[in-house]
Amino acid sequence: EAGVAQSPRYKIIEKRQSVAFWCNPISGHATLYWYQQILGQGPKLLIQFQNNGVVDDSQLPKDRFSAERLKGVDSTLKIQPAKLEDSAVYLCASSLIGSAGNNEQFFGPGTRLTVL
Amino acid sequence: GENVEQHPSTLSVQEGDSAVIKCTYSDSASNYFPWYKQELGKRPQLIIDIRSNVGEKKDQRIAVTLNKTAKHFSLHITETQPEDSAVYFCAASPNGGATNKLIFGTGTLLAVQP
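In order, the protein sequence lines correspond to chains A and B.
Going by our numbering, the first residue of the first sequence is number 214, and it counts up by one from there.
Going by our numbering, the first residue of the second sequence is number 106, and it counts up by one from there.
Okay, chain B solo, but in the shape it has when bound (with noise of 0.2 Å):
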């Protein structure tokens, strides 16, 4: 079945600066990539999607990268300000999307030093 992989599971950036945070998957039928993110107690939203017939979306701060060939998709956050620190989840939608399914990477913990 599907696997996907997230890394750093913590990162630590001073204000200001750039965020990256990359995943990998296994199943290559996958179409869909969407990023969540998911503040202490709350509920994960959606911050950004890329669906496979793209190599990049961006929206404001956010961008995300995504590399069919190689299977990985990347988030990155500029000019990151204290409210984006938050646990982020990248996710992928196997088989097609055939049935929207989302397998869930293990997370990461992004703190923005002021």
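The shape of chain A in the complex, shown without the other chains (with noise of 0.2 Å):
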């Protein structure tokens, strides 16, 4: 089966500026995360969706990110504006359900975001 699928893949913006990123899920999976990842940390969840409502958000700067799953698929999250610190990789993942029983999550490639 296909996995989860990103774009675009490297993305170099000035602070300030607005960016969106994409992501679709693998086929059937109704939970999507997405989390940024900082040079040398683990990835931190920034927002969980279930179909198209969202789970959690308590990481989520929401005064500049934003994030949609509007029909329960693919998704989008944006940030506008960027900071300098913003900089990161950002990782889509899906599973099948989000409740315990079907944990596994699986990731995308990954977008590197990096703010000049």
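Quick caveat, the hints were computed from the structure, so don't treat them as lab data.
Errors might be hidden in some of the hints.
Said to hold, decoys possible - Heads up, simulated DSS-like pairs for lysine-lysine below, C-alpha to C-alpha not over 27 Å straight-line: (1) A:257 to B:142; (2) B:127 to B:163; (3) B:173 to A:291; (4) B:127 to A:257; (5) B:176 to A:224; (6) A:228 to A:296.
Assembly of the complex is requested from the two constituent chains, each provided in isolation within its own frame, with the hints serving as guidance.
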């Protein structure tokens, strides 16, 4: 089966600009996650969707970050305006369901964002 | 909230030796503990996981042990090979896994010297 798809793979912007990332999860996966991975650190969950509803966005900087999953399939993550500290790899992951049982999360290749 | 600590941050072993990576977690209700391997510039990939009702799980050269009382779990790799070189992340699913949320450790860079 096809894996999690993300685009673009790389993005370079200047601070205060806007950027958007796209993710297409594995077909049939109800749960979608966006993670931020700063160089040398583990992934940090930004937001989790179950179908098109938000399950957890407690770590999402809502003053500048937004995400949507309107039809319960693909998702976009937006940063507006970007700051230098947003430079990171943004990983999208998906899983069959979002509760105990089928826990495995499958990751996409990520988008490497550089903010200058 | 849940906190996951991982040690060591770097580990260098000779090919054929064993490698052990240790993690501790804070939320006693955590019930799912996966380990991911991330090669340079690649996506994290699940290599093994364990649930809180099991104390040990093994898959060929890889094993994971869990001590719920002490709230720590470990990854053991035996007969290491150069292709085992990567960053390894432990993670824990807090709150009884109600939402499948994962909290990741800070990673261990494993270098296997040929």
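We went through each hint and held it up to the structure:
The hinted pair formed by residue 257 of chain A and residue 142 of chain B meets the criterion: a straight-line CA distance of about 16 Å does not exceed 27 Å. Proposed proximity of residue 127 of chain B and residue 163 of chain B is supported: the alpha carbons are some 16 Å apart, at most 27 Å. About 39 Å separates the Cα atoms of residue 173 of chain B and residue 291 of chain A, which puts this hinted pair outside 27 Å; it is violated. Pair hint residue 127 of chain B plus residue 257 of chain A holds up; C-alpha atoms about 19 Å apart against a cutoff of 27 Å.
At most 27 Å may separate the alpha-carbon atoms for a hinted pair to count; residue 176 of chain B and residue 224 of chain A exceed this at roughly 40 Å. Between residue 228 of chain A and residue 296 of chain A the CA atoms are separated by roughly 5 Å; this keeps the pair inside 27 Å, and the hint holds.
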